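All chains should be modelled from the sequences, with the hints used to inform the complete structure.
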Amino acid sequence: MMTSLLYGGAGVILFALGLWAFLVYEPLLRKLIALNIMGSGVFHLLIAIAERGALAPDPVPHAMVLTGIVVAVSATALALAMGRRLEDDDDAR
Amino acid sequence: MRRAGTLVIGALVGLLALWLLWVLRDVLVPTPRLAELALQELPNTGVSNPVTGVLLAYRAYDTLLELAVLLAALLGIWSLGAASPGFQPAGTVLRGMVKLVVPLLILTGGYLLWVGGHAPGGAFQAGALLGAAGVVLRLAGDARAGLPPVPVQRRLAVAGAATFVLVGLATMAFGTGFLSYPPAWAKWLILTIETAATLAIGVTLAAAYVGGQPVPRSGEDGPL
Numbered sequence: 740m741m742t743s744l745l746y747g748g749a750g751v752i753l754f755a756l757g758l759w760a761f762l763v764y765e766p767l768l769r770k771l772i773a774l775n776i777m778g779s780g781v782f783h784l785l786i787a788i789a790e791r792g793a794l795a796p797d798p799v800p801h802a803m804v805l806t807g808i809v810v811a812v813s814a815t816a817l818a819l820a821m822g823r824r825l826e827d828d829d830d831a832r
Numbered sequence: 005m006r007r008a009g010t011l012v013i014g015a016l017v018g019l020l021a022l023w024l025l026w027v028l029r030d031v032l033v034p035t036p037r038l039a040e041l042a043l044q045e046l047p048n049t050g051v052s053n054p055v056t057g058v059l060l061a062y063r064a065y066d067t068l069l070e071l072a073v074l075l076a077a078l079l080g081i082w083s084l085g086a087a088s089p090g091f092q093p094a095g096t097v098l099r100g101m102v103k104l105v106v107p108l109l110i111l112t113g114g115y116l117l118w119v120g121g122h123a124p125g126g127a128f129q130a131g132a133l134l135g136a137a138g139v140v141l142r143l144a145g146d147a148r149a150g151l152p153p154v155p156v157q158r159r160l161a162v163a164g165a166a167t168f169v170l171v172g173l174a175t176m177a178f179g180t181g182f183l184s185y186p187p188a189w190a191k192w193l194i195l196t197i198e199t200a201a202t203l204a205i206g207v208t209l210a211a212a213y214v215g216g217q218p219v220p221r222s223g224e225d226g227p228l
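Residue numbers (the working numbering), protein chains in the order written: chain A, 740 to 832; chain B, 5 to 228.
What the hints contain is simulated information worked out from the structure, not anything from laboratory work.
The calculated label-pair distances, taken between Cβ atoms and stated as ranges, are:
no., chain 1, residue 1, chain 2, residue 2, range
1, B, L22, A, D830, 40 to 48 Å
2, B, L43, A, R824, 43 to 51 Å
3, A, A795, B, V105, 34 to 42 Å
4, A, E826, B, V27, 39 to 47 Å
5, B, V12, A, I772, 19 to 27 Å
6, B, W189, A, M741, 39 to 47 Å
Here the structure is a predicted model, which is why all the values come from computation and not from measurement.
Glycine included, each C-beta is placed from N, C-alpha and C at the ideal position.
Following this line, the structure appears as structure tokens:
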């Protein structure tokens, strides 16, 4: 219980930090990093929720985190490619 | 003014965090959940690792759509123009390390793919390792991140979702419904899907790291 609370609480704090940075800072790259930190917070939380009391860990949130990580990485890559393209366009103008 | 706005946002986000922590405390008590049902039905899925069972049997539809998301992201990256040329070729020490690390990554990926049936592992971890091998190669100066020629890349990137759909259609044709495997075949169908998914995820991640339309080498098919 205490371990889960600590781990999940760390997830909540990561999420809040990411959300704050996402709202406050303007540059695209910072927003993207903030978004990824928010994502890590959510993954933390899901993993913490998977383990409640003395029961066997719940495989459903584990599977969601697993696919979530890969999807988050590819979404970040797409956003980075778009950001770079935007910058190229700005330079050309 | 900007500073004041930042502080207000900070205060609001802080309140949100406190509320979420409060909720979390109540959530972390043993309550009815899907785990018992998932573990109880596991012998029927053909795998003994519950996470793989969830990914490829209970929620196979979800995983199929996730592979489609990966493919969509890669298509987006490829449609944003040509990739920047590779970095400069690696020096002797880095080249030596790459020669050592890349085969090891591929070997570990294969191991994780196989072990995923009964222990932590599976297509996503194995695919991530293959992608990492691509990243290492790109950093060492290979403009194409060690990926095969462009037409093969395209086919491999589609392979995961395509194999998934084909298996789904085959199970439909046999009358068990879309992606409900007959128990006798389940293990091999899951392994087939996972192998294709591993290749697709690895290629997608490495190609995403290249960050643009792959530049064909001389004598190859042109750009997309």
